[in-house]
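Q: What follows is each chain in one-letter form.
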Amino acid sequence: MSLKEKLVSSFLAFELDTDINSPVHDIRSKSIKEFEKIGFPDRKNEFWKYTPIKKVLSEELTVFKKKRHLIDFEKVKDFFIGGIESYKIILIDGTYDPLWSNTTHKGVDICILSSVLENDKYSNIISHYYNKLIDTNDSFSLLNTSFSKEGAYIHIPKNVELDKPIEIIHINSGGESSLMLQPRNLIILEEGSKAQIIESHYSLQEKNTDLSNSNNDHIDPLTNTLTEIYVEENANLDYYKIQNDLDSTSIIDNTYIDQKKDSVASCHTFSFGGNIVRNNLNFYQNGKNINSILKGITILGSNQHTDHHTLVHHASPNCESYQEYKGIYNDKSTGVFNGKVVVDKIAQKINAFQQNNNLLMGDHSSVNTKPQLEIFADDVKCSHGCTIGQLDKSALYYLKTRGIPEKEAKGLLTYAFANNVLENVKMQVLKTKIKKIIANKIGVSLGFEL
Amino acid sequence: MAYTEEELKKELEQQEYQYGFTTDIDAETFPIGLNKDIVKKISAKKNEPSWMTEWRLSAFEAWEKMEEPEWPNVKYKKPDFQKISYYSAPKTNPKYESLDEVDPELLKTFDKLGISLEEQKKLAGVAVDIVMDSVSVATTFKDTLAEKGIIFCSISEAIQNHPELVKKYLGTVVPQKDNYYAALNSAVFSDGSFCYIPKGVKCPMELSTYFRINQAGTGQFERTLVVADKGSYVSYLEGCTAPSRDENQLHAAVVELVALDDAEIKYSTVQNWYPGNKNGKGGVFNFVTKRGLCHKNSKISWTQVETGSAVTWKYPSCILKGDNSIGEFYSIAVTNNYQQADTGTKMIHLGKNTKSTIISKGISAGKSQNSYRGLVHVGKRAENARNFSQCDSLLMGNKCGAHTFPYIEAKNKTAQIEHEATTSKIGEDQIFYCNQRGIDVEKAIALIVNGFSKEVLNKLPMEFAVEAQKLLEISLEGSVG
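Protein sequences appear in the order of chains L and C.
Counted the way the working numbering counts, the first sequence spans residues 14 to 463.
Counted the way the working numbering counts, the second sequence spans residues 6 to 486.
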């Protein structure tokens, strides 16, 4: 049985476990039907041309978990941002973990999605916001909608400025083989509200190599996550994604952001690991004076592969968008950047900027990039730039002549290359954490704060 | 201001495609439709050797199995390949010893086109091979070129007289089965130009081909093959026009360039096929495959000015196979009214130290759609490959669209690739500045567009640059608003 057939039939078993009368059930059954029609994308699909997604779609994958794994606090505490207080929603193998989470219903709703989906009190929210933004041609979005029942639910009411950041942490316990996770987040920022959200993915242990010799059927987990975000008038959202996973795990991340007039939304994506990581980041601008900021740093090694697909759809006049993605590729790693800016006829006076810079460091590393513009309005300023290259030899020489060893010099230059993406990170503790990860990735200790 | 908008609009409506005449020449045209017999018949008509007939048939077989591609960013009604006639030749025997023998009607055509053969012969500027309705009708300066050992003739003549050269190179750059339209062309091409520059020879004059579709209900399928042997140089020009007709005519050409070691080929095109009327009726479908192969230290440079055709779909490409080879692409694509263009280039870096430059300027006006689609590919073994790409778009009015689809693939860590693109409009302040100095809006637009396109226009040979500049002005007339 192919994975597609298996998933479609899994849905019948999945249904038994859920409330058939809930409005979400209709949405789920529709989605699985759509998915059955289109199936998984292959390399002939332009949208998936450079990402061999087939590699991770093993027939052994399943949406059902065998058992619940408990994990030690010592092992996960490093995953928390630390140093500041935060709201936390922690999911272990896709299941909410109340022990370390810190949720609230006081004035704001920061809780788990399942409690919203199953509660009649929220039926208005569901009918108004749930599953309204997704691209129905995307197999993975459909699949997530069919099977998802857990994730974060965040609702910030009018004019509330959240006192502390929210952390959404996905942890793979490592105890399950061939698990396909479908976490889902719904985030609503009402008029004039403000929030900072950090979403991260971690896996606990590298699969035991001794074990895998005797136990060859270990299939690496695949996380297929989907986030819907509504940023209402004059609201302000800072979203950070940290993907610092093991070499073996794969992530497919679909994020849909709908912005209303005068709002500002920024999304930083830090991709430092994973077997195959695919980010589909979609911004829809529906109103005047909207600002969207998309930034990312990708540092990869070994055989890792990261694919960033961004879409900014300018549907209203007087808006701005700013994209800046930096990639550093070591060893045999491969990177993809596909940025698309669409400017509708009525969207005059748009300023859209898109930049993608790549450093190819590994002998067998490669980059495929496609900065794409589709413009139907004339009074706009749209530009994109893209470079692929190496570290400046003369700069390297300069540093070496001043007594800085080659490795450190390279580290410094690489760090400088990535640094301006970090400039907009407003949370100091997060900045420090990311810098540490980067220094660690490049393999040098910089010994000072930049 | 010299014009009011109303006046401009009126003038625009009156602005007709000035090359839209038909020439009243008796033509011998095959019945419509395409099958094996037609392919054989074309081959027999041209008195071709059997290897050529076989070559055509294998292309036809491949074509039958292929499907028309859907991926370009253009919309059009697919041509019915059974409703086109695949061979049309001016009936008067197309073998001319000198210009005097040429049908005077035909000569008048060329006069109208502004390329007086007589004059050009006197000016000793350009050698022209003229292809009308797929058949080469006149080649000038053959003797002068022959002294240098240069072969410049129609491809059918080349098949007769230089089969060893044609056999060696035909289909090596664009294989028969390369794509849908290349396969179709390989099966049914009726004529085209062939050019061979021997070792170390620098071609003393610009070589030129002029294409014209005259007969109604025909498609034009010409094939051009240019071979520059080691250390040689040639500059090649290509121009095209078609009469105004309500139906869509199909033009599916293949151009192959081979630059052997240390050779240089400069290929310039001014494409001005009938773009259809202002309501988008009629016009030529221009589906062309152009590709060049660079051996060691060689250079191929494509320059194109695209102002015509209802639908343009072409990507002049360079395969940089040899070490130290260079590929260049300079393009201006102008679309107005309902025209659609999906054009760009492919630079395939395979050899070491290869370089490529892409400068593309897209100008869209009216209700047209203009896309740049390009590929820069750096292969695993292409050490120190270098590419610079720039694609700028200029939009006039908010009913048109400008799109860019640049694909960049780097598989070698020593690659250095830069790509930048901008989209802008003609600023009101720029026009105002010109108005203040007594330059009316039309002229101001022409001035600004000229400046915008200058980097490309500069690359054209003198005679063409003047023509291209005029074309730009004509194509955009009345598009302000």
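Honestly, the hints are just simulated from the structure, not real lab data.
Certain hints may be false.
[To be verified] In the DSS-like style, the derived pairs of lysine-lysine whose C-alpha atoms are separated by at most 25 angstroms in a straight line are:
hint	chain 1	residue 1	chain 2	residue 2
1	L	Lys362	C	Lys404
2	C	Lys416	C	Lys385
3	C	Lys416	L	Lys67
4	L	Lys362	C	Lys385
5	L	Lys454	C	Lys416
6	L	Lys57	C	Lys385
7	L	Lys444	L	Lys207
Q: Would you mind marking each hint as holding or not holding in the structure?
A: Here is how each hint holds up against the structure:
1. L/Lys362 with C/Lys404: Holds, at about 15 angstroms.
2. C/Lys416 with C/Lys385: Given pair lysine 416 of chain C, lysine 385 of chain C holds - Cα atoms ~5 angstroms apart, limit 25 angstroms.
3. C/Lys416 with L/Lys67: Holds, at about 21 angstroms.
4. L/Lys362 with C/Lys385: violated, 43 angstroms
5. L/Lys454 with C/Lys416: holds, 22 angstroms
6. L/Lys57 with C/Lys385: Within the cut-off at roughly 22 angstroms; holds.
7. L/Lys444 with L/Lys207: Holds, because 19 angstroms separates the two Cα atoms, which is no more than 25 angstroms.
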